[in-house]
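Just need the whole structure built from these sequences, with the hints factored in.
Just add 79 to the spot in the first sequence (first one is 1) and you have my numbering.
What the hints contain is simulated information worked out from the structure, not anything from laboratory work.
Computed from a predicted model, the values in this text were never measured in an experiment.
Some hints could be false.
To be verified - Restricting the straight-line Cα-Cα distance to at most 27 Å, the calculated cross-link-like pairs of lysine-lysine (DSSO-like) are:
#1 Lys210 - Lys270
#2 Lys210 - Lys228
#3 Lys232 - Lys173
#4 Lys210 - Lys323
#5 Lys285 - Lys351
#6 Lys173 - Lys351
#7 Lys323 - Lys228
#8 Lys232 - Lys323
#9 Lys210 - Lys173
#10 Lys300 - Lys270
To be verified - Taking CB as the label site, the calculated pair distances span:
#11 Phe352 - Gly142: 52 to 60 Å
#12 Asp120 - Thr233: 47 to 55 Å
#13 Ser109 - Phe352: 21 to 29 Å
#14 Thr206 - Gly146: 23 to 31 Å
#15 Ser110 - Lys300: 17 to 25 Å
Cβ atoms here follow ideal geometry from the backbone N, Cα and C, with glycine treated the same way.
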Amino acid sequence: MPELPEVETTKNSLAPLIGQKVTTVVVHQSSLRWPVPNDLDQLQGQTLLRLERRAKYILAYFGQAGGVEQNIALLHLGMSGSLTLVEPERDLRKHDHVLISFEHIQLRYHDPRRFGSILWLNDNTQTLLSKLAPEPLTDDFNTDYLWQKIQNKTAAIKTVIMDNHIVVGVGNIYATEALFHTHIHPLRPAKSLTLAEVTALTDEIKRILAAAIALGGSTLKDYVNGLGENGYFQQTLDVYGRAKEPCHRCSTLIETIRIGQRASAFCPDCQKFDNPI
DNA sequence: ACACTAACCTGCAAGC
DNA sequence: TGCTTGCAGGTTAGTG
80 MPELPEVETT KNSLAPLIGQ KVTTVVVHQS SLRWPVPNDL DQLQGQTLLR
130 LERRAKYILA YFGQAGGVEQ NIALLHLGMS GSLTLVEPER DLRKHDHVLI
180 SFEHIQLRYH DPRRFGSILW LNDNTQTLLS KLAPEPLTDD FNTDYLWQKI
230 QNKTAAIKTV IMDNHIVVGV GNIYATEALF HTHIHPLRPA KSLTLAEVTA
280 LTDEIKRILA AAIALGGSTL KDYVNGLGEN GYFQQTLDVY GRAKEPCHRC
330 STLIETIRIG QRASAFCPDC QKFDNPI
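What follows is the structure, encoded as structure tokens:
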């Protein structure tokens, strides 16, 4: 599912909705990761004022045009979710769970696995945001910060950079790729990294996320942006999804192990555990 | 505080 | 051809 670049791309593609008024809200399936609020139809008559992204959440601010914000919707795409803009007459697909109609276009939340969520941002849900670590593309995420954070961590570095309490937005694809590009074995205890490696890894996480955003994210299976378009970054992936294929750098066959229930591809030659470069 | 697991759910591909 | 198994862009809650 979407990692930070895909969520950012989705958010950006929904910009045409800003300034438009909601006409109707229809919920076909309210059983997502958490129940969809039964008063989501409060949005009817409200205007979408602005969109933001925090980690993998999209925040949609609604209210009266030119007036005060009334409701903030917190959207998460989980593993298989997507948000698309379609003509209201378009045939429904299976798993089109929530339809938010605007005057000339409809926003559809589609999510086969239903790991995503639609919530109001309120006192009950704000802890989902308040617990989040810094954004990787801001200066708050830097070498000194990551160095401090990992000093007592024996867990695998891959697990650590995917931990929302350390840094947000880095999922399985980009964690896997960033470790390959920095020659770091994914199972290395986080605290075993040198300062030089932490510097390289911090820089690489920023570089790869920015590069993926520039290409509209990665479409592996069903990810599309709000306009139904694919991303292209998957064409540049070096190790993710390439088990048993030759390493692009040294031709050694890529291996896959499981770390924290997630497949972790790496090159056993470029990413040595015992003799880090 | 940290490390690790199970769980949420559907679809698809591989293996028998 | 079918049935079973395992795996998939995430995250939280619960265990020790």
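Okay, the hints, checked on the actual structure:
Under the criterion of a C-alpha separation no larger than 27 Å, the hint pairing Lys210 with Lys270 is consistent with the structure, at around 23 Å. Note on Lys210 and Lys228: the hinted pairing holds, with a Cα-Cα distance of about 15 Å set against a maximum of 27 Å. Between Lys232 and Lys173, the direct Cα distance comes to roughly 43 Å. Violation of the 27 Å bound is thereby established for this hinted pair. Restraint check for Lys210 and Lys323: not satisfied, since their Cα atoms lie roughly 38 Å apart, outside the 27 Å limit.
At most 27 Å may separate the alpha-carbon atoms for a hinted pair to count; Lys285 and Lys351 meet this at roughly 23 Å. Between Lys173 and Lys351 the CA atoms are separated by roughly 45 Å; this puts the pair beyond 27 Å, and the hint is violated. For the hint pairing Lys323 with Lys228, the CA-to-CA distance comes to about 34 Å; that exceeds 27 Å, so the pair is violated. A threshold of 27 Å between alpha carbons decides the hint, and for Lys232 with Lys323 the separation of about 31 Å lies outside it, so the pair is violated.
Annotation: proposed proximity of Lys210 to Lys173 is violated, straight-line Cα distance about 34 Å (limit 27 Å). Taking the CA atoms of Lys300 and Lys270, the gap is about 35 Å. The hint is violated against a cut of 27 Å. Checked against the hint of 52 to 60 Å, the C-beta distance between Phe352 and Gly142 comes to roughly 53 Å, which is consistent with it. At roughly 49 Å, the beta carbons of Asp120 and Thr233 sit within the given window of 47 to 55 Å.
For Ser109 paired with Phe352, a C-beta distance near 46 Å fails the hint of 21 to 29 Å. A beta carbon spacing of about 28 Å between Thr206 and Gly146 agrees with the range 23 to 31 Å that was offered as a hint. Separated by about 22 Å at the C-beta atoms, Ser110 and Lys300 satisfy the suggested range of 17 to 25 Å.
When held up to the earlier numbered hints, the structure conflicts with 3, 4, 6, 7, 8, 9, 10, 13 and fits the remainder.
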